[in-house]
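Here's the letter readout for the chains.
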Amino acid sequence: AQKITQTQPGMFVQEKEAVTLDCTYDTSDQSYGLFWYKQPSSGEMIFLIYQGSYDEQNATEGRYSLNFQKARKSANLVISASQLGDSAMYFCAMRGSNDYKLSFGAGTTVTVRA
Amino acid sequence: NAGVMQNPRHLVRRRGQEARLRCSPMKGHSHVYWYRQLPEEGLKFMVYLQKENIIDESGMPKERFSAEFPKEGPSILRIQQVVRGDSAAYFCASSPSLASYNEQFFGPGTRLTVL
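Chains as they are written, first to last, in the working numbering: chain X, 197 to 310; chain L, 7 to 121.
Derived from the structure by calculation, the hints contain no laboratory data.
Any given hint might turn out to be false.
Claimed, not checked - Over 10 Å on every C-beta distance to chain X, these chain L residues come out as not near it, computed from the model:
id : residue
1  : Ala-8
2  : Leu-17
3  : Glu-24
4  : His-37
5  : Ile-60
6  : Ile-61
7  : Lys-68
8  : Glu-69
9  : Pro-80
10 : Gln-86
11 : Gln-87
12 : Asp-92
Said to hold, decoys possible - Every beta carbon over 12 Å from chain L, so not counted as near; a handful from chain X, in silico:
id : residue
13 : Lys-212
14 : Asp-222
15 : Gln-253
16 : Arg-259
17 : Ser-261
18 : Arg-268
19 : Ser-270
20 : Ala-277
21 : Ser-278
22 : Gln-279
23 : Leu-280
24 : Asp-282
25 : Met-285
26 : Val-308
As the list claims (entries may be wrong) - Result set (DMTMM-like, lysine to aspartate or glutamate): computed pairs, CA atoms no more than 20 Å apart in a straight line:
id : chain 1 : residue 1 : chain 2 : residue 2
27 : L       : Lys-50    : X       : Asp-222
28 : X       : Lys-269   : X       : Asp-225
29 : X       : Lys-269   : X       : Asp-222
30 : X       : Lys-199   : L       : Glu-109
31 : L       : Lys-50    : X       : Glu-252
32 : X       : Lys-199   : L       : Glu-78
33 : X       : Lys-266   : X       : Asp-218
34 : L       : Lys-57    : X       : Asp-295
35 : X       : Lys-199   : L       : Glu-47
36 : X       : Lys-199   : L       : Asp-62
37 : L       : Lys-57    : L       : Glu-78
38 : X       : Lys-269   : X       : Asp-295
39 : X       : Lys-199   : L       : Glu-63
40 : L       : Lys-50    : X       : Asp-295
Computed from a predicted model, the values in this text were never measured in an experiment.
Think of the CB as a built atom: it goes at the ideal place given N, C-alpha and C, for glycine as much as any other residue.
Let the sequences and hints guide you as you build the complete structure.
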């Protein structure tokens, strides 16, 4: 079974600054995938970024980057140059290679201030 | 290429009524997953289906809940005799295969309110 922990229930960040969202995970699988999703106030789930457990480089997608530290079992999301539209709930999730269900953390609410 | 479609987006039911939630996966996707999000919580897996088969329903309550994904038509999540605790957002996701690198594409969700 996979377990995802997001310890920051809410964060404030100034516009144009960077913010790091913490995510730690626990799994006995050797191969797995880590995902981050954004849920704005409208409620939909928007895929942001993916990191495979065997990927040697940290994933990046535009202003999103994933700080993957396998030995520490952490997969923190970094949002650079925050924008007002980044205000949302962010979920970390993972799935084992032989699994099909995503296991989600409790989420972190990010509020970007002008 | 249309994304995952869910309808209705909002559904209000009185206690004891039935709720039917529909999900049309992305074109070419044969794997469908249903998740439930209670207020202020993350999504929790309910059931995984392929066409005409339920593969894993371990996250779905044994009573009152059922799911199907027929050969033709959308996947249906059915909740009979709804109670207030069923009020939640229900998300459907689809993927083309099981490989862990495949993201699951989520629909916009159905927000069920039980009065």
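At 12 Å, judged by beta carbons, does Arg-259(X) keep clear of chain L as stated? At about 18 Å from chain L, Arg-259(X) clears the 12 Å cut-off, so the statement holds.
For His-37(L), is the shortest beta carbon distance to chain X beyond 10 Å? Contrary to the label, His-37(L) does not stay out of reach of chain X, its closest Cβ about 7 Å off (not over 10 Å).
Please verify that the nearest CB of chain L lies beyond 12 Å from Ser-261(X)'s CB. About 17 Å separates Ser-261(X) from the closest Cβ of chain L, which puts it past 12 Å; holds.
For the pair supplied as a hint, Lys-199(X) and Glu-47(L), confirm whether the alpha-carbon distance does not exceed 20 Å. Measuring from Cα to Cα gives roughly 14 Å; hence the hint holds.
With 10 Å as the threshold, tell me whether Ile-61(L) passes as away from chain X on beta-carbon distances. 7 Å, violated
Exclusion check [Glu-69(L) not at the chain X interface, CB over 10 Å]: 21 Å, holds
A cut-off of 10 Å on Cβ-Cβ distance, and Ile-60(L) was said to be off the interface with chain X. Does that hold? Given that every Cβ of chain X is farther than 10 Å from that of Ile-60(L), nearest at about 12 Å, it holds.
According to the definition I'm using, a residue is off the interface if its beta carbon is farther than 10 Å from all beta carbons of the partner; does Glu-24(L) meet that for chain X? 23 Å, holds
Does the alpha-carbon distance linking Lys-199(X) and Glu-78(L) stay inside the 20 Å limit? 35 Å, violated
Does the no-contact call for Val-308(X) survive, Cβ to all of chain L over 12 Å? It holds; Val-308(X) is separated from chain L by about 20 Å at its closest Cβ, greater than 12 Å.
If we take the beta carbon of Asp-282(X), is the closest beta carbon in chain L still more than 12 Å away? Correct as stated: the minimum Cβ-Cβ distance to chain L is 19 Å, above 12 Å.
Over 10 Å to the closest beta carbon of chain X is the bar; see if Leu-17(L) clears it. 14 Å, holds
Checked against the numbered hints listed earlier, the structure breaks hints 4, 6, 25, 31, 32; every other hint is satisfied.
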